[in-house]
Amino acid sequence: MTADRRTDRRARRRTRGGDRTARPVSHRRRPAVRGARPLLAMALSAFLLVGVCAATGIAWDPLSGAPAQNATAHGAAAPQAAGPAPAPDTGTAAPQPEQSPAPTKGAAAKGNPEGAVDSGAGRPAGALPFDMPQPAALRSGEAGRKLVFAHYFTPYPLSLDNAAADNDYYTRNYLNPDGESGKHGRYGGLLRDRPLPVTPKSGDWEYANLQQEVRTARAAGIDGFTLDLLSLSGKNWDRSNLLMAAARSVDPSFQIMLMPDMTSLKTDDPRVLAGAIATLADASAAHRLPDGRLVVSPFKAEAKNVAWWTEVISILKTDHGIRTAFVPLFLDFGAHSGDFAPISHGFSEWGSRSYVGQESSTRDVQRAHGMGKIWMQPVSVQDARPNQGIYDEAGNTATLRATWTRAIEDGADWVQLTTWNDYSEGSQFAPSLHNGHAYLDLTSYYLTRFKTGGWPKIVRDTLYLSARTQFADADPTGDQSLVMSLRKGSAPARDTVEVLSFLTEAASVRTTVGTAQGGHDAPAGIHAKLLPLKPGTSAAHVVRDGKASAKVDLPFRVDHTVEVQDLQYYAATSGREP
1 MTADRRTDRR ARRRTRGGDR TARPVSHRRR PAVRGARPLL AMALSAFLLV GVCAATGIAW
61 DPLSGAPAQN ATAHGAAAPQ AAGPAPAPDT GTAAPQPEQS PAPTKGAAAK GNPEGAVDSG
121 AGRPAGALPF DMPQPAALRS GEAGRKLVFA HYFTPYPLSL DNAAADNDYY TRNYLNPDGE
181 SGKHGRYGGL LRDRPLPVTP KSGDWEYANL QQEVRTARAA GIDGFTLDLL SLSGKNWDRS
241 NLLMAAARSV DPSFQIMLMP DMTSLKTDDP RVLAGAIATL ADASAAHRLP DGRLVVSPFK
301 AEAKNVAWWT EVISILKTDH GIRTAFVPLF LDFGAHSGDF APISHGFSEW GSRSYVGQES
361 STRDVQRAHG MGKIWMQPVS VQDARPNQGI YDEAGNTATL RATWTRAIED GADWVQLTTW
421 NDYSEGSQFA PSLHNGHAYL DLTSYYLTRF KTGGWPKIVR DTLYLSARTQ FADADPTGDQ
481 SLVMSLRKGS APARDTVEVL SFLTEAASVR TTVGTAQGGH DAPAGIHAKL LPLKPGTSAA
541 HVVRDGKASA KVDLPFRVDH TVEVQDLQYY AATSGREP
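If you read the sequence shown in this note's numbering, its first letter stands for residue 1, the second for the next number, and so on.
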């Protein structure tokens, strides 16, 4: 690219930056994607080595993956900004693959399949720094009343076409700036990350892949998914039905909370929505309270007024015999909670995606509890949306720690991980190509504390390492014209590598960042260390009494010169083999 083209692009960015400051701050998902790079090709080539593992239904981690953090404590000690969190805006229509085949119907048409069995496996031994309680222990007594759901976004299942990962729909069209006939080229491609690839399957491959996702979530201690209902027909609807069946077949206790997406659904008729909800409610996996009420938690509930929702609830009862526990999720909780209180069992919000400004959640939990309502707290990792030209500074894993800390300390009743698999906003907890199981493994630690009330005992040294692959001010050299800038209210951008240690005893942690080698002393328990980001790759290992133990490599190279802008944090963990 010539110097003149770069100058023109910067000028356009300055103009767009002015526009963005006037745009409503968004914490809503929208499509966003990654350019195809040599690094991606190298990573994908390794998939041939793990075909047997993937074929058994075990999600392989190609990274050794996990995130890192910034403070010595059980939670984030990050600074908190004054005032409420920025209010999110609405999203765009969910992405639809142009060429991938329609989902297989199979179990979706049958509801709950007979004789289905769980053929998968849980986490490998030693993956976590603590011993994970069994699902039954996390679902009984007081622990069972603290529920954790993960927001499931139907456009991004494990596979879209059952093809090999080196040439499947994700690789050809979503990670490639020229994919889908170039319609994502302006922002460098739709996605920057993707689900961990799975080998092609025979038979009802979509059903098998959804079973695998349920197993993965269950192994992490998650109670269920909040199912984003983007449409009432077509691929996303079929996949929603299939997920209900897959959940029941894997674990009858794994629950699916219905979340009609009012930014996407195209009906103004309460009877149409009530009928669709009733259809899904026939599945035993649909989340109900112990008294039998079906939980309905619409996304951006304020898109319809209280009278409209009252009619939906009434139709569900009179026409379908379904009593409802209404838990609206607001994009502006403060403005609407009072009006909705008479018809609501509880409340939720989408939340902020930066580690600053989280103190508003304390106020919101107190407001909900003061009204006698339960509160579902959003917990997030990060947020970067190339197609909107915005991102939040997550501070490595500071946002993950800060949001979990608020849920724990503020007494939230439920938690929603936002999100399980929305790769278009870079907010995924699910195992991915660039994060492995890192964020999910870290979440299991905080989830256990949230549910049990006690911090898990660290029984094995474990390191988590996180960093970006480019500097925050990197100027992409490709044809990308729309570049991301910080969302209003975010923490300032930073260029850091984070080493998060979970240690049974104090030890030395030796680090390599590019060509710079160093070390620091870390106490027993959790400790985080920030290091300046440098070109090259990063690694860390624990040394105690002259002997090395846990070791982690972040194999993704950092460069000053990049073709496509990518401001997501990548992560790796010593707890899993790369």
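Hints were generated in silico from the structure; no laboratory data involved.
Certain hints may be false.
[To be verified] With a Cα cut of at most 25 Å, we get these calculated DSS-like pairs of lysine-lysine: (1) Lys-201 / Lys-183; (2) Lys-317 / Lys-266; (3) Lys-534 / Lys-551; (4) Lys-551 / Lys-457; (5) Lys-457 / Lys-547.
### Query
Checked against the structure, which of the hints given earlier come out wrong?
The structure breaks only hint 1.
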